[in-house]
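Asker: For reference, the chains in residue letters:
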Amino acid sequence: MSVFLHMTKFNKWIERNPPWLSKGEIPADPLFGLGVQTPNQMSAWEVDESVRNLEEIAAGLAAGRREWKDFEYLLLDSETLTEIGIKVKRTQGRSCDQKLTRLHRDLTEISAQKAVKLAAAIVGQLNRGYKKINRILKKTMAGLIWAGIQEGRIDPSLVEPKVLENVNKMVGRPSTSS
Amino acid sequence: MNSKVHNYTDVLSDDLALDSRPETADSDFQTWTRRGEHRVHKMRGVSSSRSSKLEESISLVAGTDWVFVRPPVHIHSVSSPASVVILWDYPEKEALLDEPMSLLPIRVLSSDTEQEFVWADPRVGQTAPSETTYTHAAAQVNMTNEINRIFGTIEQNNLDNESESRFVEQILGVVRRYEGMAINEIQHLIMNEKVTPESAETALCALGDMDDEPTHNYRRWLLEQVLLESLSPIVRDAANVGLSYMDDPHAIASLNEAIKTEKLPLLREVMKKTLDQLEETQKCRSSCT
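Line order of the protein sequences matches chains L and G.
Note that our numbering numbers the first sequence so that position 114 is 114, with each residue one more than the last.
Note that our numbering numbers the second sequence so that position 137 is 315, with each residue one more than the last.
Simulated from the structure, these hints should not be mistaken for lab results.
Here a beta-carbon is modelled for each residue, glycine too, at the ideal position from N, C-alpha and C.
It cannot be assumed that every hint is accurate.
[Claimed, not checked] Capping the alpha-carbon separation at 27 Å, the derived lysine-lysine pairs in DSSO-like fashion look like this:
#, chain 1, residue 1, chain 2, residue 2
1, L, K99, L, K162
2, L, K69, G, K441
3, L, K9, G, K372
4, L, K9, G, K461
[What the hints assert, rightly or not] Here chain G is said to cover these stretches of chain L; the calculated rule only asks that three of the stretch's residues, wherever they fall, bring their Cβ under 8 Å from a Cβ of chain G:
#, stretch
5, 2-15
6, 89-98
Okay, chain G solo, but in the shape it has when bound (with noise of 0.2 Å):
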């Protein structure tokens, strides 16, 4: 996953390489493609009969979309941390493209609820009352050199005691910060096995164990992709490992694919005691209420 924060014009140019026409020929909806791979939407003001759109885009947000909206937007069932970007309501549209404006992390409120998000205008400096988190590009960039130096001071010493909790500290730490972007800049560091198995496993059980309502979805998101792609067994199964210390049952689905999927037999069995977990606290859920 690229972590530089790019304007909303920098998105847009030939620079990243978009594809020069939209993928669909409605103006209020649109998406581009970037080298095949990432997605870019954007979409004018919601109104009800395009809420459907809206939650066919959110649904194909994962970590690595970025999407534009127009407040009052009203986000259906995200599940998945995502890079959003608020556009606010300039008058001009040549105004808005002119206009830099760095990428606003989204913190979901609830998967399960229908919510109206409230925006931020950095530019008079007003931060939404609640619900919102944004950063400015600084401390976007701020945030993946510290997670990249906490991670590289721990493969430089010795993962004994007292520098792993230093390390989860840290790593806890960033993440309470930064949330949904430190979980992304995470996720990259680890797919792309730019940090060692051991401090892999290390930060994956840490944010499995962590108490914190706020990341909870965007940790969780983290711990499946993980499980069901990552290439090292060792890192799998930290994930693993980090999704039982959770007992989420919102992992069960991502665990059933994992062991269909999961060659080695060692790895299934302990993925499959984690599921038999998850079950067993979704049964006693579902009795209690």
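Bound conformation, chain L alone (with noise of 0.2 Å):
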């Protein structure tokens, strides 16, 4: 089974189950979460679920985006999507860790109908305790990014100039101009 990172927002998830929600429904917070973009599709990253290997994608991908903030992402499960029948393509994605673009996946053929199942899906996955969603705070990320421009994998060329700048200030490095 392969597992695929999305980025989210957070909140869309935290409260699952209000009090006026009838039985079989899911909110409706949950669906603007997955962040659906045209044409139907989403944007995900395969993982191979070790830690290391899901916070340099996270580093990789946060690099390259212009609001400094943390970063929040889903898991989802290949079985989870093929039950419901969203397909997986494998194309060409950006990253400032260049040797993980390969990893990019396009979930494809999102009905409306689909997007509200998976919705669901990942609602009861969260309510029975299973970690798929998480939030990397800004901090922890400045060191993450940091760690991948040390080692060689993100070019900072390619890291935004407001993130490079916010990762020198928060490791306690002089701000550079890229």
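Using the hints, build the complex out of the two chains.
Answerer: Below, the structure is given as structure tokens:
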């Protein structure tokens, strides 16, 4: 079974069982937490569930974002995707860690009904206590990006200037312009 | 929190439904309650023998209390913003009661050290040389209107990247200018759910991330209050994120309390992450000193 990392908005998944919910329903927020993009697909990255690989993927992505903020992600498993009928396609991704671009996948053929099923499946898994969602705090992420740069995995010339400035500040290094 | 400006006579008047008798008989240290909620403290000049009462008084102040003090005043260990009225030396007490005064918000210089406050005399337009800030009634009303307008604008439009940046810039600007007063107003709007959770989230994260030493304690206070008291999980999470951005170990106690009472498991989990980060920061700082 493969596992895929997909960026999400953490707070869309916090309150999954409001008191007004009818039996068998899920609230709408998780649906928006999926972040389905045009055309009917979601961007994801295959992870091997080892923490290090997951953190490397996260760091490579966070380094390239224009906003410097916490990194929030979902973990989706291939079994759930297959059951729902969502297809997984290998496509070239963009990451500041060039060695990881081959890990990019597009989750495709997502109808509205499949999106609801996927959101419901994730909600169910979260309710059963599975660790399917996480937030990497900015301060931790700064360390991961810095380590990536030091180890030569992350190309600093690809890192967003605002991110690089904040990483340098947080790890206590003088700011350098890229 | 009532952000309306009151003058000294208003506060003491029946209009605010104060209990008619002060709670304590000591004329130098009197406390009234207003509708059992806000407390109004009045203290005359503080000598060293009364300094413990001043500490006790200030420890009750939490942004909704007004403290009337006569300088010179030594304030110890204040960690919350306060609306403080500074009474300068009127020879006649009666003249003092007739004189309308604005509430003078005082910026806490330091919560760890004893500081002697220098006060301002708005009658003659003199300002204190350094550490106090004050505003006239009109300025306070302007500030309230400005903050309400800023939130109103963002809620009428979609929170896209450009409008969000502008919103953040405006909120931070008004906090820099009005400091504790602005924080009090923002706290009032958020805790009374007069703004949407999304705009509260954006404001709280930005305030946690803000690099501004004069308002640091005010902002931490706001984030801690919201973390502990907001009814909205999204807003509590935003306060949690704000505290992680601020990275101030003084918030550890509030986080511990919030974790004990938080019912939503995911939110509790991320609060623990913030707590771990702050405890790590505290450890690093101890080993560096």
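Asker: Now tell me, hint by hint, if it's right for this structure.
Answerer: Now for the hints, and whether the structure bears them out:
Distance hint between K99(L) and K162(L) is fulfilled; the C-alpha atoms sit about 23 Å from each other, no more than 27 Å. The suggested pairing of K69(L) with K441(G) holds, with an alpha-carbon distance near 25 Å, which does not exceed 27 Å. About 23 Å separates the Cα atoms of K9(L) and K372(G), which keeps this hinted pair within 27 Å; it holds. Taken as a hint, the K9(L) and K461(G) pair is broken in the structure, with Cα atoms around 31 Å apart against an allowance of 27 Å.
For the stretch 2-15 of chain L, the proposed coverage by chain G is satisfied: 5 residues have a C-beta within less than 8 Å of a C-beta in that chain, meeting the threshold of three. Here the stretch 89-98 of chain L counts 0 residues with a CB under 8 Å from a CB of chain G, which misses the bar of 3, and the coverage is violated.
This entry does not satisfy hints 4, 6, going by the numbered hints stated previously.
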